[in-house]
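*Asks:* Build out the structure end to end from the sequences listed, making use of the hints.
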Amino acid sequence: MCLAVPGRVVEIRDQDDTRMGKVDFGGVIKDVCLAYLPDLQVGEYTIVHVGFALQRLDEESAMQSLDLYRSLGALEEEFGDHWGIAAQQAGERRPPGTEYSKEETA
Amino acid sequence: MKYLAEFSDPALAKRLVDQIHATVTQPWAMMEVCGGQTHTIVRHGIDQLLPDGVEMIHGPGCPVCVTPLEIIDKALEIASQPGVIFCSFGDMLRVPGSGRDLFRIKSEGGDVRVVYSPLDALNLARENPDKQVVFFGIGFETTAPPNAMTVYQAKKLGIENFSLLVSHVRVPPAIEAIMQSPNCRVQAFLAAGHVCSVMGVEEYPELAEKYKVPIVVTGFEPLDILAGILRTVIQLEKGEHTLENAYRRAVRDEGNPAAKAMLADVFETTDRAWRGIGMIPQSGWRLSERYREYDAEYRFQVRDIKTEESTVCRSGEVLQGHIKPHECEAFGTLCTPRNPLGATMVSSEGACAAYYLYRRLQTPTPAPTAMGDNSLAGATSPSATSPAASQQTSADNKEVSSVG
Ligand code: SF4
Numbered sequence: 001m002c003l004a005v006p007g008r009v010v011e012i013r014d015q016d017d018t019r020m021g022k023v024d025f026g027g028v029i030k031d032v033c034l035a036y037l038p039d040l041q042v043g044e045y046t047i048v049h050v051g052f053a054l055q056r057l058d059e060e061s062a063m064q065s066l067d068l069y070r071s072l073g074a075l076e077e078e079f080g081d082h083w084g085i086a087a088q089q090a091g092e093r094r095p096p097g098t099e100y101s102k103e104e105t106a
Numbered sequence: 001m002k003y004l005a006e007f008s009d010p011a012l013a014k015r016l017v018d019q020i021h022a023t024v025t026q027p028w029a030m031m032e033v034c035g036g037q038t039h040t041i042v043r044h045g046i047d048q049l050l051p052d053g054v055e056m057i058h059g060p061g062c063p064v065c066v067t068p069l070e071i072i073d074k075a076l077e078i079a080s081q082p083g084v085i086f087c088s089f090g091d092m093l094r095v096p097g098s099g100r101d102l103f104r105i106k107s108e109g110g111d112v113r114v115v116y117s118p119l120d121a122l123n124l125a126r127e128n129p130d131k132q133v134v135f136f137g138i139g140f141e142t143t144a145p146p147n148a149m150t151v152y153q154a155k156k157l158g159i160e161n162f163s164l165l166v167s168h169v170r171v172p173p174a175i176e177a178i179m180q181s182p183n184c185r186v187q188a189f190l191a192a193g194h195v196c197s198v199m200g201v202e203e204y205p206e207l208a209e210k211y212k213v214p215i216v217v218t219g220f221e222p223l224d225i226l227a228g229i230l231r232t233v234i235q236l237e238k239g240e241h242t243l244e245n246a247y248r249r250a251v252r253d254e255g256n257p258a259a260k261a262m263l264a265d266v267f268e269t270t271d272r273a274w275r276g277i278g279m280i281p282q283s284g285w286r287l288s289e290r291y292r293e294y295d296a297e298y299r300f301q302v303r304d305i306k307t308e309e310s311t312v313c314r315s316g317e318v319l320q321g322h323i324k325p326h327e328c329e330a331f332g333t334l335c336t337p338r339n340p341l342g343a344t345m346v347s348s349e350g351a352c353a354a355y356y357l358y359r360r361l362q363t364p365t366p367a368p369t370a371m372g373d374n375s376l377a378g379a380t381s382p383s384a385t386s387p388a389a390s391q392q393t394s395a396d397n398k399e400v401s402s403v404g
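Just so you know, the protein sequences line up as chains L and V, in that order.
FYI, UniProt numbering numbers position 32 of the first sequence as 32, with every residue one higher than the one before it.
FYI, UniProt numbering numbers position 333 of the second sequence as 333, with every residue one higher than the one before it.
Since the hints were derived computationally from the structure, they do not count as laboratory data.
SDA-like cross-link-like pairs, simulated, lysine to any residue; straight-line CA separation at most 20 Å:
1) V:Lys131 to V:Ile159
2) V:Lys156 to L:Gln15
3) V:Lys260 to L:Met20
4) V:Lys306 to V:Met279
5) V:Lys14 to L:Tyr100
6) V:Lys324 to V:Glu55
7) V:Lys14 to L:Asp67
8) L:Lys22 to V:Tyr116
9) V:Lys156 to V:Asn128
10) V:Lys238 to L:Pro95
11) V:Lys212 to V:Cys184
12) V:Lys238 to L:Pro96
13) V:Lys210 to V:Arg185
14) V:Lys156 to V:Arg299
15) L:Lys30 to V:Val114
*Replies:* Right, here's the structure in full:
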């Protein structure tokens, strides 16, 4: 029951005074109530739970997260915690006085 | 959606795991509140990729699991009455009441139906004016707005043969109850992303401050969970305790105002018993006075009912993070998904079921070779135990997640 699935809005209509629509979940198209997202447009993505669109899915912030994750490796090599990496490779705890502060990589 | 598959990318996951290892200097215990997150963690072996001493405690965020026995027994009572069409989501069918379940009632001739949406139940009521249609309204803040809308519509359209058996629960009071428990080990929370999609984050800064506990709003894909853990350990290492939103693509600070307005109209907060945990003050919703006529408990006079809980099942301790599922003696022997003693073994979001499906033997298996394997553990850490991810669902490569 507790599944929320992202899909793309392909149609919007009015039914019994309620905003309804069809949402495409990668090929499976289902009727969805859009009343809780009154400004959602055809073509946008949304998270759907038990037949209700509950929140818009924001592709831009999704891409931002991915860019951040991708950049982690580069930052790590450039400014990273070399003591930590060495300790991990050696399978031992880091030597005292080599605490890693995240600010250094920011 | 092109980017969705990337949220399971093993190479990106490895970077996050490395970053977590580079950040952690001491043991920490954090709780993922939502059962969908538990499922992702166990299935992909994420907990096994973490530094020694960093422990994921599985929280009570499975709505099927925490629905009190009393409500299940009321559902069974109503469903076995003649002239009733009892509608439920499919995963409630095998949840044991005192001796029976909805599945049994159906085989004995009861009219129990599985629906995808509460609106389907309302349509059934329209099509069957000579029957009483009852919908089993359980779930967290994500399932409550659809159910609220359905009752609102029933009233607006004058559909009188529809009612709701309500047992909705709310996350923030549960977080408080966990923090106030005398043997609480939780030092940080990964908050349930889709609950926050609806409710926003406004209740959490106060909780983080009051209990000095970092709270990070987290999504459901492997990368989301790892990012949530990373943000959490950064705070823990620095001695900070604030609310952070690591799931911005689906969570706005204010949540969904239209859904919140509907909730405020149709429901009111009430004390609610959680199965296995007990009463948590103001942790639930019931229909407000204006919609009382749609409350199945009143319509069917099932307000007083005697229950009988299994004496073997330790799901309450599992739900509060005091024991891991396999520490229960019945796990995998007396209690399996086919013959569940507790609700945590029924629902696929339940911790017992997740352990049974993905880690039932608790023995290391050879690391998988293909990157496409469900297990991140095999791809990112040579020492990790690979979960027995043999039982896959159609959820692969899709962003399918629990919302609590
Ligand atoms: S394994 Fe079964 S009996 Fe044990 S706690 Fe889990 S649900 Fe209850």
